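Sequences listed follow chains A and B, in order.
Residues 1 to 421, numbered by the numbering used here, are exactly what the first sequence covers, in order.
Residues 1 to 271, numbered by the numbering used here, are exactly what the second sequence covers, in order.
Please note that a few of the clues may not be correct.
[As the list claims (entries may be wrong)] Okay, the calculated beta carbon distance ranges per label pair:
#1 Pro245/A <-> Val45/B: 24 to 30 angstroms
#2 Leu108/B <-> Glu55/A: 52 to 58 angstroms
#3 Leu108/B <-> Lys219/A: 40 to 46 angstroms
#4 Asp110/A <-> Asp216/B: 29 to 35 angstroms
#5 Met417/A <-> Pro21/B: 47 to 53 angstroms
#6 Pro358/A <-> Leu15/B: 40 to 46 angstroms
#7 Thr412/A <-> Leu108/B: 56 to 62 angstroms
#8 Val179/B <-> Met417/A: 51 to 57 angstroms
#9 Lys262/B <-> Glu55/A: 56 to 62 angstroms
#10 Ile203/A <-> Pro42/B: 29 to 35 angstroms
#11 Asp110/A <-> Pro42/B: 50 to 56 angstroms
#12 Ile199/B <-> Pro358/A: 42 to 48 angstroms
[Unchecked claim] In silico DSS-like pairs for lysine-lysine, Cα to Cα no more than 30 angstroms straight-line:
#13 Lys117/A <-> Lys136/A
#14 Lys58/A <-> Lys217/B
#15 Lys313/A <-> Lys217/B
Honestly, the hints are just simulated from the structure, not real lab data.
Bear in mind the structure is a predicted one, so any value in this text is a computation, not a measurement.
Note that beta-carbon positions come from the ideal geometry of N, C-alpha and C, so glycine has one too.
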Amino acid sequence: MRIRHASVAVLTAVALGLAACGGSGDDDSGSDEITGTVTLQTWALTPKFTDYLNEVIKGFETKYPGTKVELLDQPGDGYSDKVLSQAASNTLPDVINLPPDFALPLAQQDLLVDVSKDAGVDVNATYVAGSIDAYKFKGTDGVYGYPWYLNTDLDYWNKTKFAKCGLDASKPPATTQELFAQAAIMHSKCPDEYLMSRKPTIIDFTLAGIPTLSDDGKKFVFNTDQAAGIVDQYRDAFKNGYMPPTVLNTDYQGNSKLFTQGKVAWTTGGATSLADFEKDNPSLKGQVAVSKALDTPPLYVQGLSVSDKSKHKATARALAEWVTNADNQNKFGHLVNVFPSTTASASDAYFSKDDGTPVGQARALAFEELKTAKSLQPYEVNTAMETILAQQIALAVKGDVSSKQALDDAVTKMNQMLARQ
Amino acid sequence: MKEKILRYVLLVLVLIITVGPFLWQLSTSLKGAGEDIYTSTPSFVPQQPTLNNYARVADAIPVWRYIGNSLLVAVLTVGGNLIFTTLAGYAIARLKFRGRGIVLGLFLATLVLPGEVTIISQFVTIRDLGLADTLLGVALPTMISALNVLLMFNAFRALPADIDEAAIVDGANAWQRLVRVALPSVRGTLAVVAIFSFIAAWDDFLWPLIVLTSPDKFTLTVGLQYLSGTFTQDQRLIAAGTMIAFLPIAVLFSALQRYFFKGVEEGGVKG
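Build the full structure now, drawing on both the sequences and the hints.
Structure representation (C-alpha cells):
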C-alpha cells in the first residue's frame with residue numbers, strides 16, 4: 001500500500017516536471033535589435049557580488065528598454081565541465097564569462113562570436129592590448145571575448161622568518177636567480193626553514209625566454225637544453241634542502257597553504273590573497289611583506305564571450321560591452337582587488353594610490369605590474385597537460401630521471417594530447 | 001595478547017585516517033575568527049569556540065532552499081530505487097522468461113562504465129526530454145541503479161525456492177508472491193538500497209552541476225560551492241557548510257542502521 005502511494009507521487013512529479021518545462025518558448029525577434037531576454041553566465045561571483053551584478057544589470061535594462069537579463073552565476077568548482085557540457089549540448093548561455101583557456105576550444109569549434117567585427121565599441125581602443133591579445137588564438141583569426149577584469153601575481157614573504165634567518169624582508173628576491181641565492185642563505189642559517197615552495201612549471205621556461213609552443217600552435221617545443229638546465233637548478237636546490245619535500249606532490253594551492261601554515265617563507269598569490277592569509281591565520285597579521293612578482297609578472301584575464309548560437313546576438317553583445325565598460329569595471333575594481341581591462345581606467349586614481357594599508361599596497365603594486373604583465377602560460381595547456389608536465393618534472397627534481405629525458409617525455413605526451421584537441 | 005594489541009593498533013590507525021579529516025573540518029567550523037586554522041601541528045580543540053560560522057552560512061547562501069532541492073532529488077532517487085530495483089531484481093531472480101541471463105548481463109555490463117563517460121550523452125537525452133535545469137532531470141537517471149538491482153537480485157535469490165513453490169500451490173500470482181512472501185524477508189537489503197541511493201543522490205556534484213543552470217534550483221552540494229568564491233575563500237564557512245551537508249546522512253544512517261547491518265548480512269554481497 002505504501003509503495004503504491006509512493007509510485008503515484010513519483011508519477012505526479014514526472015508530469016509536473018514535464019509541464020513546468022513546456023512554457024519556455026523563445027520569441028525570435030530580429031537579431032539586430034537590442035531587445036529580448038538574454039542570459040548572462042558568470043563564474044563564482046555570487047553571493048559576494050550579487051548586489052554589484054544586479055546594479056549593472058539594472059543599468060543595462062534601463063538603458064535599453066525591452067531587454068531583460070537573467071543572471072546565471074555558476075559555482076567555482078567544475079566550471080570547465082559545465083561549460084563543455086553546455087557547448088556539447090548546444091545550451092550555451094548568450095553571454096558567458098570565460099577565461100581565455102576555456103574560450104580557446106569553443107572558439108576553435110566556431111561557437112563564439114568574433115567580437116572584433118561589427119562591435120558597438122572600438123575594441124582595440126577600449127581595452128588594453130594585452131587583454132585583447134588573450135582572446136586571439138593561434139589557428140583562428142578574430143577576438144573571441146570582451147576582456148573583463150584582470151589580475152596578476154604578487155610575492156608574499158614572511159617577515160619573521162626573514163629576520164630570523166639573516167635576510168632582509170625589505171629587499172626580497174626580485175628574480176628567480178635571487179630567489180635561489182636567498183634560499184641558500186636561509187637554509188644555511190635555519191636548516192629547518194624554507195624559502196622556496198614550488199617546483200618549476202612551464203611558466204619558468206617562459207620567464208627564461210624559452211619558446212614553449214611552436215608558431216602555428218601545433219607543437220610544444222620547450223624540451224631544450226636550456227629548459228633542462230632550469231630543472232637541474234631546481235633539482236640541486238631540492239637535494240640541498242632549500243624546499244620542503246612536499247612540493248613534489250603539491251600544486252599552487254599547496255604553495256599558499258604552506259605559507260599560511262608558516263612552513264615556508266614565500267608564496268605567490270593574487271592581489272586579493274593577503275586578506276585570505278590573514279583570515280585563515282590571524283597570527284600572520286603584520287608579518288607579511290608584499291613585493292612584485294619575480295621576473296615578468298603574469299597576466300590573468302577574465303572575459304565575456306558571446307555565443308554564436310544566441311538568438312539575440314545584438315542584445316548579448318550590447319550587454320557584454322556594457323558590463324565591460326570602464327565605468328562598470330572601475331566600480332568592480334573598487335569592491336575587490338581586481339583590475340579593469342579598459343584603457344580609460346588608467347586615469348582612475350584609486351588603483352595607483354598606495355593608501356598605506358597592506359591591502360592598498362598590494363593593489364597599487366599589482367596595478368603597476370599590469371603595465372608589464374604578460375600571459376606566461378600558453379592557453380593551449382589544459383589541466384591534463386599540466387598534470388603530465390608536473391609529474392615528469394617531479395621525477396626529474398627527485399633525481400629519478402634526467403631533466404632532459406623528463407622534458408622530452410612530457411613534450412611527447414602533451415603533443416599527442418594537443419593533436420587530439 | 002600480542003595479536004589483540006596489534007589488532008587494536010591497526011583499528012585505531014584506520015579510525016584516525018577515516019575520521020581525522022572529518023574532525024579537522026568539524027573543529028575548523030567551530031573556530032573563531034581570531035585563531036589560526038592552519039597550524040604546523042593540527043589542533044582540534046577550538047580556542048574560541050563559536051557557532052557563528054553556521055549562522056553565516058545561512059546568511060551567505062539560501063541554504064534552506066538548497067536543502068529542500070536536495071531532499072526532493074533524494075526522495076525521488078530513493079523512491080525510484082526502492083520500487084524499480086525491487087521489481088527488476090525480483091523479475092531476474094524469481095521469474096522465468098526468455099533472455100533473463102542477457103538482461104542480467106546487461107545490468108552487470110553497465111557497472112563497468114564509469115559515469116563520466118556517458119555524462120554528456122545522458123545530459124543531451126535529458127535536455128531533449130525538456131528536463132534540463134529541472135530537479136527531475138537530476139533525479140531521473142539515478143532513479144534506478146544497476147548496482148542496487150544486483151543487490152536486490154541477490155537478496156531475492158537467497159530466499160529458499162520451496163517457499164515460492166508453496167505459494168504457487170496456494171494459488172498466489174507473481175504480485176502476491178512479491179509483496180506477501182518475498183518483500184518481508186528482504187527488508188534489510190531495502191534499507192541498504194535506501195541508504196546507498198540517498199547518499200549517492202545527496203553527495204552527487206558533477207551531474208546536478210551539469211543539469212542545473214539557475215542558481216535557485218541548485219542542490220546543496222552545488223550551492224555550497226558558492227562559499228568558496230573566486231577572490232576569497234573563508235575556510236571556516238566552507239567547513240560549516242560541509243557539516244550542514246553531512247548531518248542528514250548521519251541522521252538517516254542512525255535511523256536505519258539496525259536494518260542496514262541486517263541487510264549487509266542477509267545479502268547481497270557474499271564473499
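How the hints compare with the structure:
no.	hint	verdict
1	Pro245/A <-> Val45/B: 24 to 30 angstroms	holds, 29 angstroms
2	Leu108/B <-> Glu55/A: 52 to 58 angstroms	holds, 56 angstroms
3	Leu108/B <-> Lys219/A: 40 to 46 angstroms	holds, 43 angstroms
4	Asp110/A <-> Asp216/B: 29 to 35 angstroms	holds, 32 angstroms
5	Met417/A <-> Pro21/B: 47 to 53 angstroms	violated, 32 angstroms
6	Pro358/A <-> Leu15/B: 40 to 46 angstroms	holds, 42 angstroms
7	Thr412/A <-> Leu108/B: 56 to 62 angstroms	violated, 38 angstroms
8	Val179/B <-> Met417/A: 51 to 57 angstroms	holds, 55 angstroms
9	Lys262/B <-> Glu55/A: 56 to 62 angstroms	holds, 58 angstroms
10	Ile203/A <-> Pro42/B: 29 to 35 angstroms	holds, 32 angstroms
11	Asp110/A <-> Pro42/B: 50 to 56 angstroms	holds, 51 angstroms
12	Ile199/B <-> Pro358/A: 42 to 48 angstroms	holds, 44 angstroms
13	Lys117/A <-> Lys136/A	holds, 13 angstroms
14	Lys58/A <-> Lys217/B	holds, 23 angstroms
15	Lys313/A <-> Lys217/B	holds, 26 angstroms
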